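Novice: Each chain is listed here by its residues.
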Amino acid sequence: MKNFSKHIELGLYTLVLLLSLMLLSYIGSADVNKGYTKLKLSEVVSVSKIVQQKINTFVYSGQRGKDFTGFKTFTNPVVYSNLSVLKVEFINNKRETLFSNKNNLIGIKKEVFSLITDKGIIPETSSGNKITFKESASYYKIELPLYSKFESVGYMTVFFSKTAINNTLKHEFSKIYYAIPIISLLYLLFLVMTHSKWKNNWKIFITSSYSIAYIALASFMIYTLIILYTDGIEGKSKALTQTLADRISLASELEIPISSFSKLNTLLDSYIGKDSDIALIELRNNTQTLVKSSDEFNDASLEIKINMSGNYEKYHLSAHIPKTIIYEKLWRNTKNFLILFIASTIVAFMFLDIAVIFRRKGEVSHHRISTEEDKDKEEILKLEIIKPVFFLTIFAEGLMLSFLPQYLGQSAIDSGFDTSISSLLFTLYFLIYALVLIPSSKYIERYGVKLFLLAGVSLYSMGAVLLIFTNSFYVLFISRILAGMGQGMVFAGVQSYIIEVASEKRRVQATSIIVYGYNAGILSGTAIGALLVKFLGESGIFMIYVSIGVFLFIQIASLFKTRKIKAPMRSKRNDLVEFMQNIKILLSNKCTFKGTIFVGIPTKIILGGGIIFSIPLLLSKEGYLPEDIGQIVIFYSIGVLLCMPLGAYVANRFSNKMALIFGSLIGIISLIFISEYAFSGSVAINTAFLLFAMLLLGIGHAFIHAPIISYITSCDISSSLTKSKMTSVYRFIERAGHASGPLIASQIIIFTSQPMDTFFVLAMFSLVVTLVFIIIPSGKSGKLMAPKMSNIR
Amino acid sequence: MRKIILIALLSILSLFSKEIIDNDGLPWIKVNNKNMSHWKPEIISEKHLRLFPRNNKKVKYKVVAIFPKKSSAYDVSINKIMEVFSQKQIISTVDVVYVAKKDKEFGREFLKNVGKNKYDLIFSVGSSATAFVYKNFKGEKTPVVSVCSKDPVLLKQMKNYTHGSGNNFAFTSLNMPIKVQLNYLKNLIGEIDSIAILYAKKNKSAVATQVNPLKELAKKEGIKTLDVVVEDQKNAKNELMIKIPQAIKKMDKDKVNKEKSFFWLTGSSSVLKEIETINKYSENIAILSVVPNAVKEGKTSAVLSIGISFESNAHLASVYGINILTKKTRVGNMKVGIVSPPDIAVNFLKLGELNMKIPFDFFEIASTVYDYNGKLAKKDGKLLK
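In order, the protein sequence lines correspond to chains A and B.
Okay, so the first sequence: first residue is 1 according to the working numbering, each after it adds one.
Okay, so the second sequence: first residue is 1001 according to the working numbering, each after it adds one.
Fair warning: there could be bad hints in the mix.
Unchecked claim - Quick partial rundown of chain A residues pointing at chain B, CB under 7 Å, derived from the structure:
id: 1; residue: Leu15
id: 2; residue: Lys109
id: 3; residue: Glu143
id: 4; residue: Tyr147
id: 5; residue: Leu254
id: 6; residue: Glu255
id: 7; residue: Ile258
id: 8; residue: Ser262
id: 9; residue: Leu264
id: 10; residue: Asn265
id: 11; residue: Tyr407
Claimed, not checked - Covered stretches of chain B, as calculated for chain A (at least 3 residues, CB under 8 Å):
id: 12; region: 1092 to 1099
id: 13; region: 1282 to 1289
id: 14; region: 1348 to 1362
Unchecked claim - In silico lysine-lysine, PhoX-like type, Cα no more than 20 Å apart, as pairs:
id: 15; chain 1: B; residue 1: Lys1201; chain 2: B; residue 2: Lys1273
id: 16; chain 1: B; residue 1: Lys1156; chain 2: A; residue 2: Lys94
id: 17; chain 1: A; residue 1: Lys94; chain 2: B; residue 2: Lys1215
id: 18; chain 1: A; residue 1: Lys263; chain 2: B; residue 2: Lys1135
id: 19; chain 1: B; residue 1: Lys1057; chain 2: B; residue 2: Lys1101
id: 20; chain 1: A; residue 1: Lys292; chain 2: B; residue 2: Lys1260
id: 21; chain 1: A; residue 1: Lys72; chain 2: A; residue 2: Lys54
id: 22; chain 1: B; residue 1: Lys1243; chain 2: B; residue 2: Lys1258
id: 23; chain 1: B; residue 1: Lys1382; chain 2: A; residue 2: Lys72
id: 24; chain 1: B; residue 1: Lys1357; chain 2: A; residue 2: Lys72
id: 25; chain 1: B; residue 1: Lys1258; chain 2: B; residue 2: Lys1201
id: 26; chain 1: A; residue 1: Lys54; chain 2: B; residue 2: Lys1379
id: 27; chain 1: B; residue 1: Lys1135; chain 2: B; residue 2: Lys1179
Derived from the structure by calculation, the hints contain no laboratory data.
Computed from a prediction, not measured in an experiment: that's the story for all the values here.
All C-beta atoms in this analysis are idealised placements derived from N, C-alpha and C, irrespective of residue type, glycine included.
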């Protein structure tokens, strides 16, 4: 029987790994689908533009659309530029097909086309080109206008198969799909062979082998992505060079030697520039370079060689793509995946944490709790049980973040409102969320955390259920109220739970659950949600949201045991009065006052005003793309996540105050770095420095976010304020910083001449408050209030 | 008397056969065979030919073209208009009316009745017809589009190239703006040292629209110009035999760089006819022309021409006409129609002889290319090999 449960446990770990690897591969394939499609479309567009110019030139030179000859010859470079191109047509303004050049291997079905909605896959084209991108269920269609000397004569349309792209990706990804069960089996084999040796080191065995298996698949996947993206990047230059070769070959067809032409370098130069990655093109015969593009280029490059047969002599074209451009494009394409990789890694390890709970629970329930070690184990279990609850709650909300503003806006329009009304729903959500915090601690004491959490999860799940069935603005209104209530209740419940459960030595570490859950949940939820919405649609995301709610409901119902406390209920009016009194108590104590005013609120001002508000605004002015800005902001969260354990360690090993001062100082330095990020002439170096500064700011705040709660709750308040209430009150006040951050930052932006100086002002502000925090004495440090009777076993 | 007999004969003919297969009966116009398969001609009078579309669809528009004289250029123009109308399925009758220089009264009378005859559009074919219609019909209701006519700005019919006429006229131009033309030439030659301009003194429109503007601009840009003028058009050959060597002598005297100089053939037909003589006496100085027809097969040819062909101009005028008929644009808002890029013709045999090179994009946009053997290799943009 023991062996049987052992096998179940090992099977569970393997199943969790299998799920994680499947999630990683699904996310990877979805991301590469987007990136690779964009590269392939970009390749076809570049070649099509050259062919479009060539056709225009011939139509200019006298050929009428109807009599146009050589369409097939002209468009062969497009049709054969890559296997996904099915057909190129010349259609007139009445939408009649005049000429067609088909790839005969694949037939084309009749389908209805509409403009491509996912702008992320549309390649950048110069604004004057008037290229239209359309799609149907199976195809993409690119339309390029054609002009004669006199007027518009129609379009060149290129049909591009989605299936062919999917097949290429399937082919490359099939190796990954084979690798998933193999890695999972190897992992199982390892667990079976080693489990007898685990003893007290069981977590190291499980986690390290899980990590190795996960990293193995991730490395294989990154390798596959690099192969695919390199193919896409090179493919464009190859196709462009081929079109150039075809143009020059025209002279050979008329038996006119290359030496008859001047300014061939101008022709070659036209292949270097905005739409091309090529830095140098040479036209060579067997012995020497006949002509080359004008710009000097001697850096490391990848050479593409295309042979041309002339009637007089043999030529070849050799195009050079700088390796730096290849690396830069590889980075640009793979960095999206890296963020998604971090997001899915967070989820994967959360899966493992959930699986591990069962082992811990077994360990605890098998023994009578008598020794300190047993108590310790029980405490760890209790904290691990709450971790997924908070993370998954935030994760679920994060899934919707990327599309919710547009979704709400569209719903407002559909229901006959102005789109600006959608911002009201955001305010409403945050307002409800904050208001729920006021009476929460009393209700938790009255009914217990379990009921409170179950109610919270149920409310936000119900809100999401409503979204599945309708997008009526009125229903969305109710849904957002339910979500705000539910999310606020879970936050309050988790916070009370942690404070009640965690012992003094694990206080900071326990508070980190909230910091980690919030940052990791938002980071992974937003990244995964933004990707999945394109494949599953909004209702698919709402279904995932509900599924998470159902899962958490079951988990809370089955793993939590509560004991209700029959405390008398007071009226709502008393709640508010009591809450206001609590605020007064908190702010009249020197220790809590200086922690709140000089560390807590300033940190939130920097987070809300500096990171969330100013960075996107100011970086877009500096020319950064929205996707890049999103990724830069994520580095803050990565910093917080990476250094949270270190922050907890410093707070435990030395003191909370030490951690707060250290974190504030790192924050000041990083804010100065952000303000001076553009110190060099190189955009790449500046961006790298900015990423580093953002990461550093996250690291600094990792020393503040969790230790500040511990600091506040360890202050000696000579009243009947419990730690749970203190935390609730502090969290409420702290929100003032969050809310005022954007207002303060916007005023600073107005008064600073250089946009990035805003961060220097914030750094100076932070320096002043940190110094005040250091100088002002904390008052008498007293013993901590004993925790109220825990209502959690 | 001859006129009466002719009219009588034609009337009898039209009674017996509504459909005349050939319009040889009217000496001032020639409709080509290709158009004859799409259009049915009916001779209304000796000065008036009507062409019906053969597709039996209900006629929607009535268009009239005014011819001032017999000219192959005008034939090219009217045939092009008919071709474009057929292609674009514009169901219209096209009347062609012959208004000779000496017959202005008939012309004025005809214009007076344009409204009564319910014409929707007039094409004035040729600079003199355009001048005549402009003088007698400006400000009327029926729109007019000029075809095969020289630059209306230089001829003071339009104020500029950037605005419409504001009246019932829309102009097209056979001339490229001289600045654009000179830029093309600079692209070909590099820094130009000297231009010897060949023209007939009596071809006033060529002097006004091609010679004088070029001289003015060349002076501004520090380029020397020489006049090689044919005084008597009938004696062009003999005059050129003397005047071309004299021009070369002058170039030698002025120490001009001959590789950076060229003979520039304007659109004077008496000069263009003498391309063989010009070739013979031009030594190793390039002959370039504004007229595409100056570039021919073999050695008796200009090296290259950059200009606007009658065909291209007529095509653009047709598009202008159709846009007016279909109410896509208002006639008074239409800017001067100039075909761009220009028609380029090149003879690689001549290029080779002079050891010249041409920019690759000239070769790509050239409508007509003669290869290294002087044989036609590309015509109307189509490769013949």
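Novice: Each hint should be assessed against the structure and marked as holding or not.
Specialist: Against the structure, the hints:
Using the Cβ-Cβ criterion of 7 Å, the hint placing leucine 15 of chain A at the interface with chain B is not satisfied: the shortest such distance is roughly 64 Å. Hint on lysine 109 of chain A is violated. Least Cβ distance to chain B is approximately 31 Å, over the 7 Å limit. Here the hint on glutamate 143 of chain A is broken, as its CB sits about 21 Å from the closest CB of chain B, past 7 Å. Interface restraint check for tyrosine 147 of chain A: the shortest CB-CB distance to chain B comes to about 11 Å, outside 7 Å, so the restraint is violated.
Because the beta carbon of leucine 254 of chain A sits about 5 Å from the nearest beta carbon in chain B, less than 7 Å, this interface hint is met. The interface hint given for glutamate 255 of chain A holds, since its Cβ lies 6 Å from the closest Cβ of chain B, which is under the 7 Å cut-off. Proximity of isoleucine 258 of chain A to chain B is violated relative to the hint, the smallest CB-CB distance being about 9 Å (cut-off 7 Å). Checking serine 262 of chain A against chain B by beta carbon gives a least distance of about 4 Å; that is within 7 Å, so the hint holds.
Annotation: interface hint on leucine 264 of chain A holds; nearest CB of chain B at approximately 5 Å, less than 7 Å. A distance limit of 7 Å between C-beta atoms decides the matter here; for asparagine 265 of chain A the minimum to chain B is near 10 Å, and the interface restraint is violated. Checking tyrosine 407 of chain A against chain B: minimum C-beta separation of about 41 Å lies over 7 Å; hint violated. With 0 residues bearing a CB less than 8 Å from a CB of chain A, the region 1092 to 1099 of chain B misses the requirement of three and the coverage assertion fails.
For the region 1282 to 1289 of chain B, the stated coverage by chain A is violated: 0 residues have a C-beta nearer than 8 Å to a C-beta of that chain, whereas at least 3 were required. Under the rule that three or more residues need a Cβ within less than 8 Å of chain A, the assignment of the region 1348 to 1362 of chain B holds, with 8 such residues. A C-alpha spacing of about 15 Å is found between lysine 1201 of chain B and lysine 1273 of chain B, which places the hinted pair at or below 20 Å, so the restraint holds. With a C-alpha separation of about 39 Å, the suggested pair lysine 1156 of chain B and lysine 94 of chain A falls outside the 20 Å cut-off, and the hint is violated.
Taken as a hint, the lysine 94 of chain A and lysine 1215 of chain B pair is broken in the structure, with Cα atoms around 46 Å apart against an allowance of 20 Å. With a CA separation close to 47 Å, the supplied pair lysine 263 of chain A and lysine 1135 of chain B exceeds the 20 Å bound. Restraint check for lysine 1057 of chain B and lysine 1101 of chain B: not satisfied, since their Cα atoms lie roughly 36 Å apart, outside the 20 Å limit. Taking the CA atoms of lysine 292 of chain A and lysine 1260 of chain B, the gap is about 25 Å. The hint is violated against a cut of 20 Å.
For a cut-off of 20 Å, the pair hint linking lysine 72 of chain A to lysine 54 of chain A stands: about 13 Å separates their Cα positions. A hinted pair counts as satisfied when its Cα atoms are at most 20 Å apart, and lysine 1243 of chain B with lysine 1258 of chain B qualifies at roughly 17 Å. Annotation: proposed proximity of lysine 1382 of chain B to lysine 72 of chain A holds, straight-line Cα distance about 14 Å (limit 20 Å). Distance hint between lysine 1357 of chain B and lysine 72 of chain A is unfulfilled; the C-alpha atoms sit about 30 Å from each other, more than 20 Å.
A distance of roughly 25 Å separates the Cα atoms of lysine 1258 of chain B and lysine 1201 of chain B; the hinted pair therefore is violated under the 20 Å criterion. Proximity of lysine 54 of chain A to lysine 1379 of chain B is assessed by CA-CA distance (about 16 Å); at most 20 Å being required, the pair is judged to hold. Of the supplied pair hints, the one linking lysine 1135 of chain B and lysine 1179 of chain B is violated, its CA atoms being roughly 29 Å apart against a limit of 20 Å.
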